Structures are given as C-alpha cells and as structure tokens.
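Engineer: Below, each chain spelled out in residue letters.
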Amino acid sequence: MVQTSVRPAPASTANQVPFTARLASGLKAQAMQIVLVWLGIVVLFSVLSPEAFFDSNNFRNIAISVSILAVLGVGTTFIIVTGGIDLSMGSVLVFSGVVSSMSMGLVGDGQGWSSAVVGIGVALLSGLCWGLLNGFFVAKAKVPPMIVTLGTFGAALGLAQVLTGGIDRRAVPDVLVDTIGFGDVFGVPGLVIVAACVVVFGIVLLRRTRFGLHTSAVGSNAEGCRRVGINVERQLIKVYALAGLLAGLAGLLNLTFFRSTTIAGHSLTNLDVIAGVVIGGTSLFGGIGTVFGTVVGLLIPATLRNGFVILGVEPYWQQVVVGAFLILAVYADQVRRARAVRGGSRPRRFFRLFTHHRKDS
Amino acid sequence: MNTQPVYEARDIVRSYGSVQALQGASFDVRPGEVCSIIGDNGAGKSTLVRILAGVEQPDSGELRFDGEATVLSSPTDARRRGVETVFQDLALANHLDPIQNMYLGRERMKPGILGKLGFMERSAMRADGRQAFEDLGATVRNYTGPVGGMSGGQRQAIAVARAAAWAQNVIFLDEPTAALGVVQTRGVLDLIRRIRDRGIAVVLISHSMPHVLEVSDRVHVMRQGRRVAVYEAAQSSVEELVGAMTGALDGKEAA
Chain A
1 MVQTSVRPAP ASTANQVPFT ARLASGLKAQ AMQIVLVWLG IVVLFSVLSP EAFFDSNNFR
61 NIAISVSILA VLGVGTTFII VTGGIDLSMG SVLVFSGVVS SMSMGLVGDG QGWSSAVVGI
121 GVALLSGLCW GLLNGFFVAK AKVPPMIVTL GTFGAALGLA QVLTGGIDRR AVPDVLVDTI
181 GFGDVFGVPG LVIVAACVVV FGIVLLRRTR FGLHTSAVGS NAEGCRRVGI NVERQLIKVY
241 ALAGLLAGLA GLLNLTFFRS TTIAGHSLTN LDVIAGVVIG GTSLFGGIGT VFGTVVGLLI
301 PATLRNGFVI LGVEPYWQQV VVGAFLILAV YADQVRRARA VRGGSRPRRF FRLFTHHRKD
361 S
Chain B
1 MNTQPVYEAR DIVRSYGSVQ ALQGASFDVR PGEVCSIIGD NGAGKSTLVR ILAGVEQPDS
61 GELRFDGEAT VLSSPTDARR RGVETVFQDL ALANHLDPIQ NMYLGRERMK PGILGKLGFM
121 ERSAMRADGR QAFEDLGATV RNYTGPVGGM SGGQRQAIAV ARAAAWAQNV IFLDEPTAAL
181 GVVQTRGVLD LIRRIRDRGI AVVLISHSMP HVLEVSDRVH VMRQGRRVAV YEAAQSSVEE
241 LVGAMTGALD GKEAA
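Order-wise, the sequence lines are chains A and B. So in our numbering, spot 133 of the first sequence is number 133, and the numbers just go up one at a time. So in our numbering, spot 140 of the second sequence is number 140, and the numbers just go up one at a time.
These aren't lab readings, by the way, just hints derived from the structure by calculation. Certain hints may be false.
In silico DSSO-like cross-links for lysine-lysine, where the CA-CA straight-line distance does not exceed 30 Å [what the hints assert, rightly or not]:
#, chain 1, residue 1, chain 2, residue 2
1, A, Lys-238, A, Lys-140
2, A, Lys-140, B, Lys-116
3, A, Lys-142, A, Lys-238
4, A, Lys-238, B, Lys-110
5, B, Lys-116, A, Lys-238
Just so it is clear, the structure is predicted and the values come from calculations on it, not from any experiment.
Please construct the entire structure, taking both the sequences and the accompanying hints into account.
Structural biologist: Shown next, in the form of structure tokens:
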C-alpha cells in the first residue's frame, strides 16, 4: 500500500460501535432471529411438557441427533457460501463408513486402537477423495455443482452397495464405540464433543481467516476475485475437499453411533442438511452465510421432532412445519437481498407486502 | 510537459479471428498526468486497456514501462508494476465491506504461526484501509456494511479508491462515471484529480466529452484500431474531439 502504513489512525476509537447499535444490528442478523425462533420453540415445548421436554437428558438427545448433521452442515455451509450446492454428502458418509469398516476388519482382529486409527484415516481419506472429485468437476470442468454432486450422490451410494452387496456391515472396534459413539466427558456425549469441535473450527475458519474471506468473496463475485489475483478454481476445490473430508468424518461418527453402515438410511440427509443451512440464513445465491446459523437451523427441525414425539403429536407434522420454515427462511433472504439492491432503505413491513420481488442483484 | 512516459505502448496489433481490433495503436502516459482515451464504439479503447492492464496479450507491438520493453502475461504482472485497473463493472465483492474489498487478494497476515494458519491482521487493515480512503477523500459512510447495499456513487468511489491505494504508477479507469448522477460524478472527478496530485498517472476512458475536457491534461483519440490524434485538453473543444473521433476533421497525427 502506498502511504498508509505510517499513521496509526485515530480511527480505532471511531471503530467502537455503541453497544446498543451492535445489539440492534445483531438482532437484525438472520442467525440471531433464528436463535430467537429456536428459543421460542424450546419455551413452547417446555411450557407444554415441563417434565419430559425440559430435561437435561432430553436436551442431550436433541444434541446427539443433531451432531452428525452439524458436521455435514459445516462443510455444506462453505459450499453454499461459494454459490454452489452439495447433494452428495449423505452418500459420501455411507461410502466412507463402508470402506472404513472394511479396512478396520482387515487390521488385526478388528478391535484395538490400531484398527481404529486405520479406520479413522480411511474414512477421512475417502471423504477427502470424493470432495476433491466434486471440486475438480465443479471448478475445472465447469459442470454445475448440482449435477456434479447429484452424480457423486448416486455413484458413492452405488459403490457402497457394490462393496457390501447391499448388506450393512456392523464391524466397529469397541474402542471407538466406547469413546466416540457412546462415551462421554462430564456427561457430554463424545459425538457432541466432536461435532462441537468441528462447528467451532468452522466458525473460526469462515469468519476469521483468509480462507473464509475468500470463500465468501468467490461466492460474491468470482470474476472480481480473479481480477485481484485470487485463484478461484483452487479455492473452490479446497472448499469441496473440506466438505468431503467432513462427510468422511461424519461417516465415521455414524458408524460408531449406529454400529452399522446404515446404507439405506441417508438418502434424504442431503435435503435435511441443506434445509438447515438455508434456515440458518446462508444465502443459496452465495456470498453470505454463517456456520452458527446452520447449527441453529439444524436444531429447529430436531427440536420440533423431539417435542412432537413427547407431546404425542404425529411426527409427520414435523415435516410440514420444517417445510414452512424453509420457505419462510428463503423468503427472508429474498427480502434482505432486495433491500440491499434498493440501497439499504427499509420499507415498512406493511408496504413490503405490495412490492415486487426483484430477481436481480 | 516533456517528462518521459511512465507507460507506453507502440504499434499494438490485436485481432480476434478476422476482426482487427487494434491495427498498430500507440499510447503513452506521463507521471502525474490525467490522460483520456476517447473513441467511438469499436474504436479499440477497451481492447487497448485490456492489453495495457495485462488481461490480454497483443499479437504484435511493444509495451514499455519506464522506457524499458516489458511483457505482461497476467493482470497480476501489471499490478506488480504498480498498474491498477478499474473495469466498468467495478469487480467489487458485494457481500464484503469496503475494507475487505480494499485488501481482497492482498490481505495482511498475522506474523508467525497464526499467519500461516490463515489469520489476518484485521484491526491493522481496518485502520490503514480507513486512512487510505480518507486520504483520498473518498467519503465512505459505512465501513462495516456490505458494499452491495451502497449507492452506485459510493461503490464507484470505493472501487476507484481501492485501485488508487495500490497503484504506484498508473491507474486505468474504464467509464468511471457512466452510471452516476451529477453529484457522484463530481465526486469521482475530484477523486481523479487527487490521485493525479499524488504523482500517479491516471488514464480515463470515457464517452463524456465535457468530463474528459474538464479533468484531462491530454486526450488520445482512437479510430478504427489506431490512435489518430492527441490533443492538449486545454486547447481543445468538444467539437474538435468529436470531429477527430468520427473522422470529420483532420487531427494532428500522433507521433
């Protein structure tokens, strides 16, 4: 930079935004609105069923049910922030679980830590390879992400079935089941700890690092990134590789928790994860999104499902309510984008009902 | 002015298939001067700028930088020589804030292991970036909001200031006032003068003759892939420029 590094600007004091203003802008962020919605749901169920719902064991169950989806959701958030999409993560999860289970069976008696370490390595490597494959076709071959990942969605599941003959494998070392699958630290399940670590990693990576900044920038304006010398193709490949790696990790978690490769159990996982990401405020058009929002976006369906079961409501209603949430979340995103196009002005809620939905920006 | 050109192009030829976009075009700009390139649509202005910015390579001809022949193989090459370009579509990342845009692709990393892990000097970039905008008199009203929510004039000012903050020698501005209102246009023209006052050569590509005459020192006129005339802006008029552009007048042939 030409002549700017000399003076440490008095700007640092002007940077201090008053707390109330920060609170107000925080509340406007969709991630925070979504937290309020989730808290509302929690309060509602707690009032309706104080004993069964508002119970630490029950929250533990909710957290466990979200863990594997959250690990997938972190990678998918990055992909959607680049303006892409991933449909393959459920199949990559299954494939990684299958090859991990098979390789663990080949090492020694398939029980000790040595086979566990091999299994972890194989699961992560398998996920990484699928991610690199997705990234290569998206970035280098310029095939639309939806088609690439639809292809690998089918291919990974098919290969998993070829390898197993369609029959679930159940060989998992007990050391893994006892630690990650069903172990806990101070009452916090191992699965939740791993997922929480991944989520914190994802939040820091997206918000604080150059990698995260470039991920948003590529989703915002890929051509502009090329002009300032960012290697857009490499960034995309890295993002898809990261998502694949996390799908591999999710495969391992899935294997240790269910003690099965659950080949038939993940055909709709991709839609659950994408719904969570979108409810959490990540724009399908790329550029913006938060990992934290994704976690809350995944918690809402899980909490609804849990609460409906406790209240004895038919669980099918959960799908109806989540569907409505999804559409509302995308509507909120549209309104926000249209507002950004209009130059930040915020028309009254009432008049907004009559404005046209603009598809530009 | 008789200083040596900081950046010079000689006899550039570039064709796309059977279309000859440039047929021996020349160009030169001196330090601390504003010079404009004008010409009708298809005269070759954009192609010339893309070549000078390193986006495209000429079929033949020579680029000279500080008097030395040089080859630019990419925009990064041009930037390394202190040449920045603001293209017509701005190329800002709409979801990022002005500071993030200013440092995009040139982030300052933390020292040591944290930097290796990808962590940036965010507060330093914020303070210095702000200072850079203020030094240029680019009035950015909101440093923390996404630029996509800002007015066209604001975005233009941010794009120009970003280029100016990094340009050490030459800055190309392709139609910087095209979509702006009167007040915003004035702001961008003032910004151009301030950049020039720092000793940086500003090259303005524009269709707006009054603005060109107001802000430029010299005006290069292009027609059919060649530079057909160079005028001192102070002694020229809109009629003369339009005449040279359309070929209705005999301009002074370029040296």
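Engineer: Hint by hint, say whether it matches the structure.
Structural biologist: Evaluation of the provided hints:
1. Pair hint Lys-238(A) plus Lys-140(A) holds up; C-alpha atoms about 12 Å apart against a cutoff of 30 Å.
2. Under the criterion of a C-alpha separation no larger than 30 Å, the hint pairing Lys-140(A) with Lys-116(B) is consistent with the structure, at around 26 Å.
3. This hinted pair checks out: Lys-142(A) and Lys-238(A) have alpha carbons roughly 15 Å apart, not beyond 30 Å.
4. Between Lys-238(A) and Lys-110(B) the CA atoms are separated by roughly 22 Å; this keeps the pair inside 30 Å, and the hint holds.
5. For the given pair, Lys-116(B) sits about 16 Å from Lys-238(A) by alpha-carbon distance, which is consistent with the 30 Å threshold.
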